[in-house]
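Protein chains in written order, with the UniProt record's numbering: chain A, 1 to 169; chain B, 1 to 151.
Mixed in with the good hints, there may be bad ones.
To be verified - Heads up, simulated PhoX-like pairs for lysine-lysine below, C-alpha to C-alpha not over 25 Å straight-line: (1) A:16 with B:48; (2) A:54 with A:19; (3) A:19 with B:113; (4) A:54 with A:16.
The hints are simulated quantities; they were obtained by calculation from the structure and are not laboratory data.
From a predicted model like this one, the values you see are computed outputs, not experimental measurements.
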Amino acid sequence: MRGHEPRSSSSCAACKLLKRRCSSNCIFAPYFRSDESKKFAKVHKVFGASNVSKILIEVPEEQREETVNSLAYEAEVRLRDPVYGCIGAIALLQTKMIELQHDLALARARLARYAATSSVVSDNDGASMGPFGDFPAACGGFIDSFSQNISSEVNQDAHMYDFSQIPYI
Amino acid sequence: MNSGRCAACRYLRRRCAPDCIFSPYFPSNNPQRFVSVHRIYGASNVGKLLQQLPTHLRAEAADSLYFEAQCRVEDPIYGCVGLVFLLQQQIHDAESQLAKTLAEVAVLKSHAKHPQAQQFEAESDFNNLLQKQLDNVANLSFSNQATSGFM
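Start from the sequences and build out the full structure, keeping to the hints where you can.
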């Protein structure tokens, strides 16, 4: 147990911000070093220290660093975009994915035409001819309602993907 | 007036004021919605966030908070960030596939040119499409790099 060591030199970023003693078993200390004050400030602003602590306690210790990183990212994005947060980023990525799928389908059609015409069988991996599986659009229906505001194109083709990958909704 | 309380005020066991910040977005008929959001963000943080937004954007904000909270409840480690990573990876794979396919098209095109040049008198159309696809791939790769710095 630490006795009278100065708070500022040994406290983690969380305890510095919360102005409390940083104990030897502080849950935040391994993940919010004393020089990472902004990182903790953002996480605290969005989630609150108490909620972060509860989330960290819930996950295995070896997964806590990943958890903190994802919380920090989510907090960063939410502060940049208070209305949509990560949902905005996901919607944009989905739009990009749909465009790529479209371009890939066109390119494959061209390839098939050339292959048929030139009688040269391409040795490409035919197994990948279909659309990309495992498209994480189980949340597609929910995100679509945001996409109408963010991008009008997502809704139309989202149904072609496998919605069973991420059972969030 | 108990029956008039929103889900938030019911959960927090307080009087629901006429100007309650939560009541338009956390109706009493969906208590789970507020429970999820409160569990991850806390009522105070949610209230502050909604307060700072223009009224016409608050519904969208409440919906996105609920979705992200649900994701975090389902996956405490990655939350909805897991979806971001997955999509980034899929986009990367799709771009690679597209580049590979276009390269194959280019090879077949050049093979077809020599022995049977007459059949491709309209090659300028194919050239234009091919160039457009190559430009698209180049632009997508650049923009993907711009959005890939998430973590």
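Return the numbers of the hints above that this structure violates; sort them in rising order. 3
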